[in-house]
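Chemist: With the hints in hand, could you dock these two chains into one complex?
Residue numbers (my numbering), protein chains in the order written: chain F, 1 to 265; chain V, 1 to 286.
Treat each hint with caution, since some may be false.
[Stated by the list, open to error] Below, simulated DMTMM-like cross-link-like pairs (lysine to aspartate or glutamate); rule was C-alpha separation at most 25 Å, straight line: (1) Lys-206(V) to Glu-6(F); (2) Lys-97(V) to Glu-62(F); (3) Lys-228(F) to Asp-152(V); (4) Lys-228(F) to Asp-146(V); (5) Lys-228(F) to Asp-244(V); (6) Lys-45(V) to Asp-58(V); (7) Lys-280(V) to Glu-179(V); (8) Lys-63(V) to Asp-51(V); (9) Lys-45(V) to Asp-244(V); (10) Lys-163(F) to Asp-58(V).
[Stated by the list, open to error] One side only, chain F facing chain V, incomplete, derived with CB under 7 Å: (11) Ile-14; (12) Leu-48; (13) Ala-90; (14) Glu-96; (15) Leu-97.
[To be verified] Here are the simulated distance ranges between beta carbons: (16) Thr-9(F) to Pro-144(V): 35 to 43 Å; (17) Arg-176(V) to Ala-253(F): 19 to 27 Å; (18) Ala-9(V) to Ala-171(F): 42 to 50 Å.
Hints in this document: simulated from the structure, not taken from any laboratory.
Note that beta-carbon positions come from the ideal geometry of N, C-alpha and C, so glycine has one too.
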Amino acid sequence: MTFGFEQRTVRTSIWIITALALLVVYLPPFYLVAVSFNPELQPGLPALSDISLKWYRELLNERGLFASLRQSLLIASVTTVASTTLALCAALAYLELGRLRNAWFLLVILPMFIPGIIQGLSLSVILNRWQVMPFWGTVALGHLLWALPFAFIVILTSMVNVKRSYLLAAADLGASWWQRVTHIVLPLIVPGITGGFIFSFLLSLNEFARSSYLVGRQNTLPLTMFGKMNSGTTPTIYALSGLILMLSIFAVAVFMYLAARRTRT
Amino acid sequence: MFHIRRGLALASPGFLSILVLGFIPLSVIVVWSFWTWDPSSYWIKPDLSLDAYAAIGDAGRWKVLVWSFGKALLASFICLLFAYPAALAIHFVAGPKWAFVLMAAFTVPFFTSYLIRAFSWRLVLGRTGLINTWLINLGIVDEPLDWLLFSDFAVILGLVASYLPFAMFPLLLVLRRVEPSFLAASQDLGAGFMRTLFSVILPLTKPGIFAGFLFVFVSAVGSSTEVQMLGGAGASMISIMINDVMRVVNFPLAFAISSVVLVALFSLVIVGNAVFGLTKLFEDFK
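The shape of chain V in the complex, shown without the other chains (with noise of 0.2 Å):
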């Protein structure tokens, strides 16, 4: 039934523009990454040095770089944590239609820009915005609150909101795994919800929390909009230190940090693969 060779011919215009547009130059910066900055050409020439990977080290870089993968750590499990129970309620809560409804409302926001909805943070977040002329109204406050927006608060509060459908999506697929004989057979047993919740629902849904949490982190590691738009002054993130190092022409301090980041998030995919299985999350698709 399957026909190895016309699926390879099938594959190659997709594999062809991935390698092209993806992995060719990903894989040649990070080479790039070890040459030297030549001032006479405002290029680089391949001697080989580490110099750009101990420039990381200067100037708080790596500060930058903890920062960024502390804040989109936070950020992942936040969302996990509202994610998880959104989950449960689409798949064993709701009727179908309450269902649909759910899942098509953590669906939009997918293809919705990024840059309005942290934008639009701004105004529910501002010193005149929605938040605070309710507290004022309501006598909580005196003097609007500074801290929501333009603050490590709002850049969380904002990386929640963008990347939360992230973490739905990988859930619900790996809901729909879960035998619901296992369920019944713990309630015979006599577990309360509870049990039943830790000691077999969310172990057979381990692989699926696992690339939830990697859909959210990969997401927010990379993010720029939401620190643009939300970040207090001096507030940086990975790429927003890209931008500021290109802007000096920089290159193989860009290049570097780019090659940390990315070793750093395949690894993360591929050892995340192999432990927990993301690929037979996919197996329904038959």
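Chain F on its own, in the form it takes in the complex (with noise of 0.2 Å):
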């Protein structure tokens, strides 16, 4: 059925729109791409036979970043580990739960909704008054909530193919909860898993607002970035946002790509 889809016009203005909604998305972080291989000062698109790595290479000489790197390499790794591990409880209580699963999942995503600063704000004043000192970890707390949602979201969408019926009929063969578990819905949701972690994972890297309440002396990557983009760019920040878009790109495509090939098998 193709309920006038079909008429040209119609497919044709459809088309139009989804190109031009791609176009906002893509055109200015691919440009960005595209001028990071450009050895000139000033920014254009490279001629095919100028294209170079020379604002790559620079990079490692910028000591300065590499300790951002590695502020941000941290506090992402513990985020991803903390968030998707809750996301899966919070997934698990959602099979549970009952009639009280719309409630949970409200409150699970609500977190979505704090405007960035607003929480970093809060959450810094907090730990502020209890003699908390700022360092890694309170940047990660602050991460941990706003990747929670999306990490719980991710596992929950991959739970569609855990039927009642699989979980019904093993306990009927008598299995526990633990082994109902560990055998029929962790084996299924991995995909779900995976994608907690990239996901969480990428949130944490790229985050900005929350964060510049929240970090003690050693800046974050993007706060690092942000101080250089608005002081006289030199072309390496255009090759580090070039590595970070290509890198994030290619790991959520790859993901989705691994994700479908796995469902439809």
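Modeler: Structure, rendered in structure tokens:
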């Protein structure tokens, strides 16, 4: 059935708007990636013969960046493990909660609706009152609340594969709750858990607003980059931005591809 | 089958984290927004007052609040205008392979850096940027256009580009719940495409439209990077105003602004959930 979507004018207009949407989302970052391969100081598209890794090589000399990168990687790793674990428990709870599940769902995704600056500010003020000095851990706490709802939704999405009949059959055959989780649920939601890991990591690595009030003496990578972007930009910032963009896009694309292939087989 | 006690036990770590990291700090700053600044301790003291809220009326701060909500509203509408047809394309028009590619294309930006994406608009919109270069080469303008960058135009464009994927996700979920038989019935009764779209598809997808609006609106209201990267001199947004107030350590005022925003956003979420049933969108997850 095509319901009128087969008409040429309808199809054409829908595709044009979709193409425009993709253009608005992707043109600037792709242009930035292209510019990062231009050896000239003036940003612009490089001629094919001029493409060079000059600014990527110069990145290696930026000592300050490495300290921020290490800090961000540490925070992202801790956030990832914590948020995926919590999200997994929250999703398993969702299976058990019956009529409470809608309330539970709303509660877990509510932190998505807190503006980053306000969340960072409130958490930093409270930690300050409790005499907790800001360090990488305080940033991770702030990122945890941000990553948790996303990891939760990704894991819940993969739980569509867990049919109630599987669990009922297992229970009838005498499987305990723990056996049902480890033998049935977990194997079926591996893509969701992987997704929770990847997405939490990227969300934390790229988080800017929540970090600014929570950092200690060592800035995270986005904070350092923000400083560089606003003070007489050297083209290394294009290389760094390009690198982070390419890695993020690659990670999410590979994950989505693998997840789709898994559900098809 | 359901085991409420086990469910609650499993829910407790997540619940405690959200409570300690989210709800307690936020409730505390709402309470503290009614306290007064104490110069002797560089902190606040528990003298109840509404001074902080009165100060929102000073120095054009309420204007920043109104403008921020206005910009967010505009950005949300533009996002929906793009996202709705794109969601229709994925759900009804594209074959399975293209549907997947498009869905992936709209998911990826969720997890890329908003800072870098806002920054990259500078290269496109700047005086020597992509668009001005094209316009000059094509002979459409002689001088580079100045209003492209560091302007409200740039901010709205940046917000739309950043948060458009947020509108896609709920729309795709809600389209899955549209019964194909309803559309077939509408067609059998002689309705043209437009009639089917406006009398059947749009009403059935209202919860998704509202959820998409809400996701974009909330993110845009709280955004800071887009304005900092693309806004003109003096352009402000709620987050930037809070930063400025905190720079002069005026805690009660920062808390009061935050409280106003939080109350507005949470009321929107709760009223929206009551009217449109947002949680219904996710009932497929069983």
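Chemist: Which constraints among the numbered hints does this structure fail? Numbers only, ascending.
Modeler: 2, 10, 12, 18
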